[in-house]
Amino acid sequence: MTGKEYRTITDVKGPLVFLNKTEPVAFGEIVELRLTDGTMKNGQVLDTSDDQVIVQVFEGTASIDKQTGIKFLGDVFKLPVSTDMIGRILDGAGRPRDGGPAIVADEMADIIGAAINPYSRQSPSSFIQTGISAIDACTSLVRGQKLPIFSASGLPHNDIALQIARQAKLVGSDDDFVVVFCAMGITAEEYNFFVHDLERTGALENACLFVNLADDPAVERLITPRLALTAAEYLAFEHDYHVLVIYTDMTNYCESLRQIGAAREEVPGRRGYPGYMYTDLAMLYERAGLVKGKKGSITQFPILTMPGDDITHPIPDLSGYITEGQIVISRELHQKGIYPPINVLPSLSRLMNAGIGDGKTREDHKSVSDQLYAAYAQGRELRGLVAIVGEDALNERDLQLLKFADIFENQFLRQSRDEDRSIGEGTLDYAWELLSNIDTKYLVRLDQKWIDKYHPTDKKE
Amino acid sequence: MEVNPRQNKGSELKMSEENGVIYRISGPVVTAVGISPRMYEVVRVGDEGLMGEVIELHGEQSVIQVYEETSGVRPGEPVIRTGQTLSVQLGPGLLTKIYDGIQRPLPELEKTMGVFIKRGVDADGLDLEKIWDFNATAKAGDSVSSGDVLGTVQETKTIEHRVMVPPGTSGVIKSINSGKFNVTQNVCTLEDGTEIQMMQKWPVRTPRPFTKKHAPEVPLQTGQRILDFLFPLAKGGTAGIPGPFGSGKTVTQQQLAKWSDADIVVYIGCGERGNEMTEVLDEFPHLMDPKTGEALMNRTTMIANTSNMPVAAREASVYTGITIAEYFRDMGYDVALMADSTSRWAEAMREISSRLEEMPGEEGYPAYLSSRLAEFYERAGRVETLAGGDGSVSVIGAVSPPGGDISEPVSQGTLRIVKVFWGLDAGLARQRHFPAINWLNSYSLYPPSLDQWYRDNIKSDFPEIRTEISALLQVEAELQEIVQLVGSDALPVDQQLTLEVARMIREFFLQQNAFHDVDTYSDLKLQYNMAKAILSFQEESKKAIAGGAALEDVVNVPARTDLMRGRFESGYEDKIDQMLEAMNKQIADTMEAN
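Respectively, the protein sequence lines represent chains F and B.
Residue 1 is where the first sequence starts when you use the working numbering, and the numbers rise one by one after that.
Residue 1 is where the second sequence starts when you use the working numbering, and the numbers rise one by one after that.
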């Protein structure tokens, strides 16, 4: 089937090319387009029948005319994978972008990725220390989890992602993470920021980048994360690496999805996004995890910017239904000048309980986390009250809680971009120190036995 | 091209002579020409023989939804009829199993294709080789008809599997033998030569027959206080749990699967997280049934079709589950079925519908969404079985409304049908009030038909106590509006007391810790005693305050804290009366102190 070139284009619409053809073409088959000026483009079959084939062109349809030659390559999209990918920068279609040689394939991997048999999964339960107190104490990350950062434009989500990429480690283990970084529609400036930072810290040697920039074809964005995850799966399940996949920005990905849907004249779901967006996102997010009998793991950190800071927008909403929690970045904290501006109240890690406690982090972790959460939540609520009635109306307990909310934000949350706090001394002990600003009798979420053991002033030696 | 139909060992599919070819492929939807199958007939698609189901006939063309990934399939590849509609295998060996949406056992799939689910592999729902000890209870010469029990098999330690005459079969038994058989061997022969095996098959989209439906009169006890006490579900009833992400839908569903007093539990993980399913799979085998002391897994069948598994199989998974549930119902068991989440099922319908280019209804969902939902929930019910026994299927469906807004089509379609609504509330979840079920907007329509049962089996004034408790919560909601404006100190002391009592209901009674060994389950008697203790606190406090005691003293008696904390201690049901007495005494003492 390969070798034959068709010039039977009938329609071109948005990123789609419609053509009549003679031979049977496979669904999902990869297509090569040769423009009249000799430029080559790539595409994939979206719909195939005896009469018509619809091809989605990754590089956009600019300059395509009816004389464009189309060749079906006889196979579905495969990515050449090898451990040489570590330390490389590839473009959104998997070609070298760093001027280096092409990847010599150890194996050709289908980029769609088969679903992991739920029976073969292993429950994630190893704590990952990110060195960021807000995350480690309140929304602990475990290996094999998918935990998105819900952010919005103008907030420092990229710094947080980079800090996590730099600092993430397993407590009591020398296993390092390999970072697979997947950029979808980010600006050249952001890209430079990432690369520069990774180079500066030497992390680039342990990373593999797939980059689709804002001026790269939008359709290509649909395959970029699939390439990244295919590489991640290969490294994790064939070569025992622990892989941390960071992708940014999921919102751009979803926009591309909507663009293709519109071009195909599909019936739209909510806000014009395709009805299958849940399934499509799940095909990406569910490629995180651990499987029985394999040493490696895939942990995902998708970053998405919530349009209009709206958490009920379809993109964060559908993501939240699939991922195992979320880390919410707050504009309010950012404006107060606090970095990292993580609002722990709406943030959640569903797998936290499996990854913390005695033997994993520390026996008092859960209690401390509950107490921090409760005290901060009440303190924030009191701020609203104080705005109306003034501080004089508060009783002793409320005053302490009110003060604690500020302490929590200014000391516990706030840390520098290079500060790597250990879970025990850096985070939990620090939490105890800050909590000691509140009378022990008001710390109802802390078990007496932990107070006896860890409270800086009330402990019994 | 070479035709390579897959081997389907033992299930004896009769390949029809009629073969067609693929005309068009668009994702999971494939169009074939050259065959004229029946609607919902299963066909084998392509060189790899992918499993598909006919969902539309259109002139020469048959439209097929394929249960496996279709990339790489080409027009011109063969399509083969099987002559059968999508069916499940029913018989001993269903329990403790974990299936995908089309009844392929996941452990078997792991054996044949490793940790990733590849396509083109078949696996039987039942283990066809396994030998069971069949104990005949009918005898030669008996006249039997559909649904009559022929014999039993001890399927798991706790569940006796009743082997029944398949629907549509009847006659006089010529021979029947106890002994060791696999599910495909004949255990019984009728006079007319009909041979009966332990395994029967049933098309999933057709409800299994029964004699008639009864009104539900017995509650499904779940051990969850807010559910059992305020918003009970009847055996054979239907309930919907809508809630935004993070509000605890899955935990609630799992609590029901663990603790409800059904004989059999069918748990469908439909389009949900893989790691969550793994957690269920890891946890269930270690959970003990409070009644029998045996592993809960012994009464459970699970269906796991995670969000990234093929969408057509997700669409089928709820039917697979409910057919298995009906089969156990026909044996005379009470079955509880949990579907988490029906929204993902509806989305699968939407996806298929849009590929078919059907005219959409609301939000792109197909126009038949609400009738499909209704048909599904209508398969619940308490019935007189064909054999004259009494069995039930209760259905509890989780709904995941986008943005938590229940005005969307799936929530609304569900609420029109179900009799119980457990509304999960993001606000409560944020306050860490779990289960985050909103007591003001949730409802159950069953209490009138269940009240007699409560009077007979728990206490004669059970319904009245319930009414008092919900009235207090209602009053609290009204008082809170005033408090928001003027502060609680401005209220008269009796209303301040009401607020305290309502707080006690919320914190002591409605909040329940699913992860606490003791608090995770309260039986109905204990629930009644706890509710009664709250009302008793109210009554004694009123008396004390009338006698001159200060509200603060009354509220702060140490024995009340003991009573409330006591629910975390084992043996609470034996101690509660004593603790109540201590509390009442201390409250009375506050009067004398003044």
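Simulated from the structure, these hints should not be mistaken for laboratory data.
Think of the CB as a built atom: it goes at the ideal place given N, C-alpha and C, for glycine as much as any other residue.
Take the hints with a grain of salt, since some may be wrong.
As the list claims (entries may be wrong) - Below, a list of computed lysine-lysine pairs in the DSS-like style, where the Cα atoms sit at most 30 angstroms apart:
hint	chain 1	residue 1	chain 2	residue 2
1	F	LYS294	F	LYS441
2	F	LYS71	B	LYS525
3	B	LYS525	B	LYS459
4	B	LYS459	F	LYS294
What the hints assert, rightly or not - Partial list, derived from the structure: chain B residues whose beta carbon lies under 10 angstroms from chain F:
hint	residue
5	ASN19
6	ILE22
7	THR137
8	LYS139
9	ALA140
10	LEU190
11	GLY193
12	GLY274
13	VAL280
14	TYR528
15	LYS532
Each hint, compared with the structure:
no. : hint                   : verdict
1   : F/LYS294 with F/LYS441 : violated (48 angstroms)
2   : F/LYS71 with B/LYS525  : violated (74 angstroms)
3   : B/LYS525 with B/LYS459 : holds (8 angstroms)
4   : B/LYS459 with F/LYS294 : violated (56 angstroms)
5   : ASN19                  : violated (16 angstroms)
6   : ILE22                  : holds (8 angstroms)
7   : THR137                 : violated (35 angstroms)
8   : LYS139                 : violated (42 angstroms)
9   : ALA140                 : violated (43 angstroms)
10  : LEU190                 : violated (39 angstroms)
11  : GLY193                 : violated (41 angstroms)
12  : GLY274                 : holds (5 angstroms)
13  : VAL280                 : holds (9 angstroms)
14  : TYR528                 : violated (29 angstroms)
15  : LYS532                 : violated (27 angstroms)
Hint check: violations occur at hints 1, 2, 4, 5, 7, 8, 9, 10, 11, 14, 15; the rest are consistent with the structure.
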